[in-house]
Amino acid sequence: MDRDKAPGPDGFTIAVFQDCWEVIKEDLVRVFAEFHRSGIINQSTNASFIVLLPKKSMSRRISDFRPISLITSLYKIIVKVLAGRLRGVLHETIHSTQGAFVQGRQILDAVLIANEIVDEKRRSGEEGVVFKIDFEKAYDHVSWDFLDHVLEMKGFSLRWRKWMRGCLSSVSYAVLVNGNAKGWVKASRGLRQGDPLSPFLFNIVADVLSRMLLKAEERNVLEGFRVGRNRTRVSHLQFADDTIFFSSTREKDMMTLKNVLLVFGHISGLKVNLYKSNIYCINLEQNHLSRLAEMLDCKTSGWPILYLGLPLEGNPKACGFWDPVIERISRRLDGWQKAYLSFGGRITLIQSCLTHMPCYFLSLFKIPASVVAKIERMQREFLWSGVGEGKRDHLVNWDVVCKPKSRGGLGFGKISMRNVALLGKWLWRYPREGSALWHQVILSIYGSHSNGWDVNNIVRWSHRCPWKAIALVFQEFSKFTRFVVGDGDRIRFWDDLWWGDQPLGIQYPRLLSVVTDKNAPISSILGYSRPFSWNFNFRRNLTDSEIEDLEGLMRSLDRLHISPLVPDKRSWSLPPSSLFTVKSFFLTLSQYAESPLVFPTKFVWNSQVPFKVKSFVWLVAHKKVNTNDLLQLRRPHKALSPDICKLCMKHGETVDHLSSIAL
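First residue of the sequence shown? That's 1 in full-length UniProt numbering, and the numbers climb one at a time after it.
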């Protein structure tokens with residue numbers, strides 16, 4: 001828990017409880033025991049301040065502000081424990097269409113699914129509509145009675161429901177106006193923004209909408225999108241209160257969807273704000289779309305749209321697709337360039353902020369080279385510019401600047417390499433999340449790879465969806481993966497890398513050429529236990545040299561252990577562990593096929609001096625300081641003449657000479 005977050009009405013931060021633990025621990029344990037027994041939290045402990053944060057500039061109406069609750073630290077500690085327990089079971093009761101606050105699910109899963117199924121629908125020529133809704137003050141309108149009923153139906157115990165009721169029913173609010181609390185109001189419904197329990201309880205409520213839609217599909221009164229060869233059904237996606245529907249263009253389906261939303265709003269308190277909801281068409285005439293919008297009482301709009309902060313049905317190859325990233329970086333730079341920042345300060349801002357700004361986009365889409373060049377030019381100009389107008393010298397080559405610090409750079413990294421590393425995470429997740437909705441959608445559209453682990457990496461040219469870019473990373477990604485043998489059912493004996501530094505088919509090419517089944521799994525050749533069965537199924541009798549190879553192979557595999565009860569798994573061959581990390585992939589891509597470089601890394605970066613001094617020493621180590629000898633070559637009109645050091649008045653002014661004087 002964050003030690004120094006803004007306190008609630010009690011005035012205590014979490015730091016107080018941590019630093020005074022020896023004094024208050026017994027009292028705190030008694031509070032927990034009493035709550036566990038009675039399920040009651042007194043009103044002063046559950047009081048909260050409401051802070052109104054503006055959603056946009058020039059906020060005038062109360063609806064232009066977002067209410068955030070500042071709750072007491074004692075209450076926060078209690079519900080943090082409850083939230084941790086609820087998080088552990090939420091994935092078992094929340095449908096796979098909900099991607100928020102559920103273990104193992106990520107925000108980009110929904111964006112990937114939405115882009116893939118919309119693109120598949122567009123290419124197939126089938127008609128369809130996408131309906132994006134906005135719940136009106138979603139957290140504030142949740143009915144407590146409805147929440148309690150849903151918890152009961154999902155099998156939560158009476159004691160747990162009593163705890164939840166105790167956390168909700170004793171809530172009271174006071175609005176902070178210019179730092180002063182104004183009035184106290186007792187709550188009768190809703191969930192608080194800032195309460196650790198709120199996201200999980202809201203998911204439980206919103207899951208009812210998913211179940212209603214699935215039931216409507218089962219009864220054939222609502223038809224979502226069906227994609228791929230497996231005709232995988234996707235009728236909606238949720239991320240907390242952000243909900244998007246995918247439907248056929250039949251008018252009866254629109255009426256069913258509208259009725260479902262009305263009924264759900266009536267029983268749960270979550271009403272749809274139709275004024276902020278939009279409908280979009282795929283392969284559909286505009287007049288038909290307008291008629292459907294009139295039925296739903298919403299507005300029509302065109303593609304692309306913004307979904308969870310990323311474009312949906314856009315073209316990643318177009319420069320305009322990346323305008324939000326460019327504009328965000330430009331806005332940040334506009335503020336920084338007005339400040340008097342040292343060279344070290346500019347390095348810190350680029351490392352901590354600018355290099356990470358595009359990462360959300362880079363995690364799903366391949367960035368064009370022209371956009372990379374534009375972003376890197378902005379970073380480069382900011383690094384060397386300082387304050388003031390006029391052209392500044394770029395003292396060190398940008399390729400050197402982007403290298404890791406251990407190789408003489410500043411560790412910025414190439415954007416294109418970071419893009420590849422982030423996309424590689426999808427390839428790692430794919431075989432590990434077989435039950436996930438995004439996995440099922442991708443498998444249905446593209447089919448399985450011949451290795452049985454990955455998705456088919458051959459994507460048709462007509463695709464402009466995210467997986468096309470992800471598939472291009474497969475060849476580079478597969479260089480750093482290997483397999484760990486369990487029962488041997490999924491690992492191919494000859495083609496997969498599981499024994500030694502190369503696949504056995506490459507180590508023993510003569511044996512591979514005479515086997516009948518080159519894709520045979522390990523278990524079919526060796527069996528599940530010792531002694532191994534050695535069922536190779538050669539097409540003919542082996543020659544003497546082939547027999548020697550076979551004997552060598554059998555001796556080598558004598559150390560192999562097969563575990564019939566343990567499934568095969570894929571491991572990551574790069575440090576620090578056998579699990580994939582974007583950082584390890586990125587660093588390896590950045591250093592791949594480069595010759596060793598001698599650079600005094602520890603001397604430059606591990607010294608106990610201010611960072612701005614380290615940054616200057618880095619320039620000195622590269623001999624790129626603007627001494628007079630370099631200025632004579634680069635800008636003679638700005639150099640001093642004659643080229644004499646002003647400290648000793650004997651030698652020429654060079655980096656080496658000035659360094660020797662300093663030492």
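Take these hints with a grain of salt, some might be off.
Straight-line C-alpha distance at most 30 Å; calculated DSS-like pairs for lysine-lysine [to be verified]: (1) K132 x K299; (2) K299 x K374; (3) K252 x K276; (4) K623 x K414.
The hints are simulated quantities; they were obtained by calculation from the structure and are not laboratory data.
Please read all numbers here as calculations on a predicted model, not as lab measurements.
Any hints from earlier that this structure breaks? Give me their numbers in increasing order, please.
Going through the list in order, the structure violates hint 2 alone and respects the others.
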